[in-house]
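Heads up: the sequence lines are chains A and B, in that order.
Take the first sequence: its letters are residues 48 to 462, numbered as in the numbering used here.
Take the second sequence: its letters are residues 48 to 462, numbered as in the numbering used here.
Worth flagging that the hints you see were computed from the coordinates, not collected in a lab.
Be aware that one or more of the hints could be misleading.
Identical chains share a label here; the pair holds if one copy fits it or two copies do between them.
[Unchecked claim] Using 30 Å as the maximum straight-line C-alpha spacing, the simulated DSSO-like pairs for lysine-lysine come out as follows:
#	residue 1	residue 2
1	K257	K169
2	K397	K249
3	K391	K204
4	K397	K257
5	K169	K335
6	K169	K416
Protein chains: 2
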Amino acid sequence: MSEKTASIPSGSVINPARRRLMAGGATVIAASMTGLAKAAGTGNAPATPAAPGKPLPPYVAWKDPNAMIVHTGSTLETRRSAFGTSIITPSEQLYIRNNLPAPDASIVADRDGWEISVEGVKHPRTLTVKELKTLGLETMATVLQCSGNGRGYFPSKPSGTAWQVGAAGCVVWSGVPVRVVMEALGGMVDGAVYMTSTGGEKLPDGIDPKSVMVERSVPRSAMADALLAWEMNGVPIPLAHGGPLRLIVPGYSGVNNIKYIRRLAFTAEQTDAAIQRTGYRISPPGQKGDPSQPSVWEMSVKSWINSPAPESGPVPGGLVQIKGVAFGGIHAVQGVEVSIDGGKTWQTAKFVGPDLGRYAWRQFVLPVKLSAGTHTLACRATDAKGNRQPEERMENAAGYNNTSWRDHALTIHVV
Amino acid sequence: MSEKTASIPSGSVINPARRRLMAGGATVIAASMTGLAKAAGTGNAPATPAAPGKPLPPYVAWKDPNAMIVHTGSTLETRRSAFGTSIITPSEQLYIRNNLPAPDASIVADRDGWEISVEGVKHPRTLTVKELKTLGLETMATVLQCSGNGRGYFPSKPSGTAWQVGAAGCVVWSGVPVRVVMEALGGMVDGAVYMTSTGGEKLPDGIDPKSVMVERSVPRSAMADALLAWEMNGVPIPLAHGGPLRLIVPGYSGVNNIKYIRRLAFTAEQTDAAIQRTGYRISPPGQKGDPSQPSVWEMSVKSWINSPAPESGPVPGGLVQIKGVAFGGIHAVQGVEVSIDGGKTWQTAKFVGPDLGRYAWRQFVLPVKLSAGTHTLACRATDAKGNRQPEERMENAAGYNNTSWRDHALTIHVV
Numbered sequence: 048m049s050e051k052t053a054s055i056p057s058g059s060v061i062n063p064a065r066r067r068l069m070a071g072g073a074t075v076i077a078a079s080m081t082g083l084a085k086a087a088g089t090g091n092a093p094a095t096p097a098a099p100g101k102p103l104p105p106y107v108a109w110k111d112p113n114a115m116i117v118h119t120g121s122t123l124e125t126r127r128s129a130f131g132t133s134i135i136t137p138s139e140q141l142y143i144r145n146n147l148p149a150p151d152a153s154i155v156a157d158r159d160g161w162e163i164s165v166e167g168v169k170h171p172r173t174l175t176v177k178e179l180k181t182l183g184l185e186t187m188a189t190v191l192q193c194s195g196n197g198r199g200y201f202p203s204k205p206s207g208t209a210w211q212v213g214a215a216g217c218v219v220w221s222g223v224p225v226r227v228v229m230e231a232l233g234g235m236v237d238g239a240v241y242m243t244s245t246g247g248e249k250l251p252d253g254i255d256p257k258s259v260m261v262e263r264s265v266p267r268s269a270m271a272d273a274l275l276a277w278e279m280n281g282v283p284i285p286l287a288h289g290g291p292l293r294l295i296v297p298g299y300s301g302v303n304n305i306k307y308i309r310r311l312a313f314t315a316e317q318t319d320a321a322i323q324r325t326g327y328r329i330s331p332p333g334q335k336g337d338p339s340q341p342s343v344w345e346m347s348v349k350s351w352i353n354s355p356a357p358e359s360g361p362v363p364g365g366l367v368q369i370k371g372v373a374f375g376g377i378h379a380v381q382g383v384e385v386s387i388d389g390g391k392t393w394q395t396a397k398f399v400g401p402d403l404g405r406y407a408w409r410q411f412v413l414p415v416k417l418s419a420g421t422h423t424l425a426c427r428a429t430d431a432k433g434n435r436q437p438e439e440r441m442e443n444a445a446g447y448n449n450t451s452w453r454d455h456a457l458t459i460h461v462v
Numbered sequence: 048m049s050e051k052t053a054s055i056p057s058g059s060v061i062n063p064a065r066r067r068l069m070a071g072g073a074t075v076i077a078a079s080m081t082g083l084a085k086a087a088g089t090g091n092a093p094a095t096p097a098a099p100g101k102p103l104p105p106y107v108a109w110k111d112p113n114a115m116i117v118h119t120g121s122t123l124e125t126r127r128s129a130f131g132t133s134i135i136t137p138s139e140q141l142y143i144r145n146n147l148p149a150p151d152a153s154i155v156a157d158r159d160g161w162e163i164s165v166e167g168v169k170h171p172r173t174l175t176v177k178e179l180k181t182l183g184l185e186t187m188a189t190v191l192q193c194s195g196n197g198r199g200y201f202p203s204k205p206s207g208t209a210w211q212v213g214a215a216g217c218v219v220w221s222g223v224p225v226r227v228v229m230e231a232l233g234g235m236v237d238g239a240v241y242m243t244s245t246g247g248e249k250l251p252d253g254i255d256p257k258s259v260m261v262e263r264s265v266p267r268s269a270m271a272d273a274l275l276a277w278e279m280n281g282v283p284i285p286l287a288h289g290g291p292l293r294l295i296v297p298g299y300s301g302v303n304n305i306k307y308i309r310r311l312a313f314t315a316e317q318t319d320a321a322i323q324r325t326g327y328r329i330s331p332p333g334q335k336g337d338p339s340q341p342s343v344w345e346m347s348v349k350s351w352i353n354s355p356a357p358e359s360g361p362v363p364g365g366l367v368q369i370k371g372v373a374f375g376g377i378h379a380v381q382g383v384e385v386s387i388d389g390g391k392t393w394q395t396a397k398f399v400g401p402d403l404g405r406y407a408w409r410q411f412v413l414p415v416k417l418s419a420g421t422h423t424l425a426c427r428a429t430d431a432k433g434n435r436q437p438e439e440r441m442e443n444a445a446g447y448n449n450t451s452w453r454d455h456a457l458t459i460h461v462v
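Only chain A is shown next, with the shape it has when bound in the complex:
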C-alpha cells in the first residue's frame, strides 16, 4: 500500500476524494466502484432516486453522482431537483463544461507558483499567484452559466449539449480585482478596447492552435468587476473548475470565465481564435458563426422553478411552496412572478435569504394551494433595468441564451 501511496499526485483533482474516503469503509468503496451506491439515499439526493446515468468521469469523480446528469466526459449538469435553497451551489453539485480536457493535476501541486502574463499595460510582466495575493482581495458571488443552458428546449435540436437548467450555479469567488492588477502595472495601454484572456489547457499536437485554444475577448468595460480568482466556495479552486487561477467576468456567460488563465491582455482587437471568431456567436438559424454576429457576452434576466418538479414525482394537494432561482445576468434581478395556470395569470413571488449582490441569483418562493390534477407552473423575472424574461426564445443556430419562460415551464401532477 505504501508503494501505491507514493504515486499519488498532489492537487485538488484527487483530494476531494481523499477527504471523504474513510467515511463509509470498504463496503462503501465497493458500492461506489460498482455504481450501486447511487441507489442509496444521499446527503443531497433528489426526492426520488437518481435516474441511472453515465458514471462520473474520473477527474470529477468527487462530484455528487445523485446531483449530476452526465452528458459526456466534459459536460455534466446539475439535476433540477438537486438545487437546494441555500443560494450557493455546492462545488460537488456544480456543472462542468470544458472545451478541452483539464490540464494535468500537477498544476495545482504548487498553486502559488502558477504564473500569468499580463500584457497591454504600461509595464507588462509575469506575476505568480503568490504575488497576486499581495495586491488585493475581493470576494463576490456570481452566477456561472453556460451560454447553451436551456438549449435542450430548442425544438430545432441544435448541435451541442441539450442542457436543461443545470448548466448554471451561483458560486462565491475570492481573488484580486483585475482593475487592481492593471493599475499596479501602470495602467492600460492606449487603444485597448478588449480584455483578452488565454487558458492554460495543453493543446493537442498537429492542429492549428487557433482552431482549438480557449482564448476569449470581452469589452474592456467588463474589467470593472472582473476578478483573478484563486478561491471558490471557500477552498482553492478545484482543477476541474479552473484552478489554480480563473478569470471571473461577472454577468458574462461561462465561456468568458477563462480557466487556468495564463495570459491576460488588453488589446485593440478581439482574438482571432476560432472560439471567438466563429464560435459562440448568435447566428441566425441555418447560418454559420462569423465575427459580424453578436458574441455570447452579457447574460440576460432569467429564472426557473426547481420545486415542485415532475422528476420528483406526484405532488400532494394542498399548500405547496413553489421554489426557484432568478438572476439578472449583467444587471441585478428585481423581482419574479409565478404562474400556476401556464402563464394566464401571475403572482409576485417572495425572495428569500440574503442578497449576495448584483451578479448572484436569488431564491424565490411562492406558497400556493394546488388541487388534484395537472398544473403548468411558470416563472418570469425582471431585472433592475425593467427588462422582463420573454415568453419566447430567441431562435439562433447554436441554441444560445435561452431565457424563454414558456420553454422553462413545468407540468406537474397533483394527487
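Fit chain B to the given chain A structure using the hints.
Showing chain B alone in chain A's frame:
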C-alpha cells in the same frame, strides 16, 4: 462486492464519502486508509502541510483531514489556516462538537419522515419534516460557534476542549421559521417564557436522562428569527451536524442550536436538564454552575485574524493583506480595526464580499507594509450597538465566551 453493497446504510453520514470515492482510484484509497495522504497537497490545504494529528472519527471521515484539528472523537475544530475568504465555511471544514454520540444513520434514510412534537401551543401536535416543508421557507446565514471557542487561551486551563478559533463557522441554513410553525398551531399558550428544545440523541441506559439529555431553554424572544432547518450549505443537513432537522437560534451559542430536534415546547420554566441547570453557565472562577448564573445564550462581538498566521510559516516582507473574520453575535457587526503593533495603534480594516446579514460573519482585509522582524497582529470588532471587543477575557470557571482581542493576537515573523 454486491453482498457488501447491500449492507450499506442510507444517509448522509456515509454519502459524502461515496460521492468522492472514485476520484483517485485505488492508490488514493490506499493512501487514505494508511493516513499517508495527509502529506499530499490538498484542494484546501494550509500553506504548510497539516501537522500530524489524530485521524478523523469514522462518522465525520468525510471532513477534510488537512482542515481539521481532531481533539477527541466528538470535538474537532477548523484550522485557522483553512478558513478561506469566501464567507461561508464549507461543510467539510466545519467544526464538530457533540454532547452525545450522533444517532444512527438510519434517521437520515427517510428525512421527510422525521417527526417533531410541538408543545406549548394552542393546538399541540406532531409534525413531519414533509409537513414542515409545506408551511414556509426561510434561508439565513448564521455564525455557529461553540461557547467554549477560545477556551485554549485561558491560562487557568479550564476543563473542556482547549479550542482556539476554529470551533466556529458561518453557515447557510434553510428551513421554516419557528414563528410560522407556532402560528400555524394556534399560537403560544399563555405564560410561556422560554422556548425549550430536545435533541433526538439516543440516551445511554441506566443513567438519569436529565443528567445527560441535550435539552436547552432560550428566552422566547429568541424565537423571532429561529428556524427549524433541514438544509445546510445547499444540501440536506448531514447527520453529524444535526440532520434531518436542527433548531437554529441565530446569534446564540452552538449548544442552543439543537440537533435532530424531536421536541419544541414553549414553557413557563427553563428545563431542569443538567445541560441547562448547571451546565453552560458563566460561573465565577472556582465555582460550580447553578441556575442563578448567566446561561451561554447570546454571543458577543468578536473577530480574529486568519492570515498571516504563525502556523503558515514565515511571512515575506513588503505588502501583506491581513485577513480575518468579524461578527457581532446577536447584533450585526459594524466595523473592525487591526493593529500591527500589539494594540498600541489601530487602523480600520475593510469588509470584503457580500453582507449575508446580521447573524453572519464578514471577511475583513487590511493591506499593510511589513518589514523584517517580529510583529504582533491584533484585531477588535465593534457591533451595531457600539459594543467593542474587549482587550481582556471575562474570567469564568468553564472558559466560555472568550472575546479578548489580546488573547487572539498573533505574533508573526517577517523575513
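Intra- versus inter-subunit Cα pairing at 30 Å for K257 with K169: within (27 Å within a copy, 72 Å between copies)
Within, between, both or neither: K397, K257 at alpha-carbon 30 Å: Neither: 47 Å inside a chain and 43 Å across chains, both beyond 30 Å.
Homo-oligomer pair classification [K416, K169; C-alpha up to 30 Å]: Result: close only across copies, 24 Å inter versus 63 Å intra.
Homo-oligomer pair classification [K249, K397; C-alpha up to 30 Å]: neither (46 Å within a copy, 39 Å between copies)
Copy assignment of K169 with K335, given that the CA separation must stay at most 30 Å: neither (38 Å within a copy, 68 Å between copies)
Up to 30 Å CA-CA - K204 versus K391, copy category: within (28 Å within a copy, 68 Å between copies)
The earlier numbered hints that this structure contradicts are 2, 4, 5.
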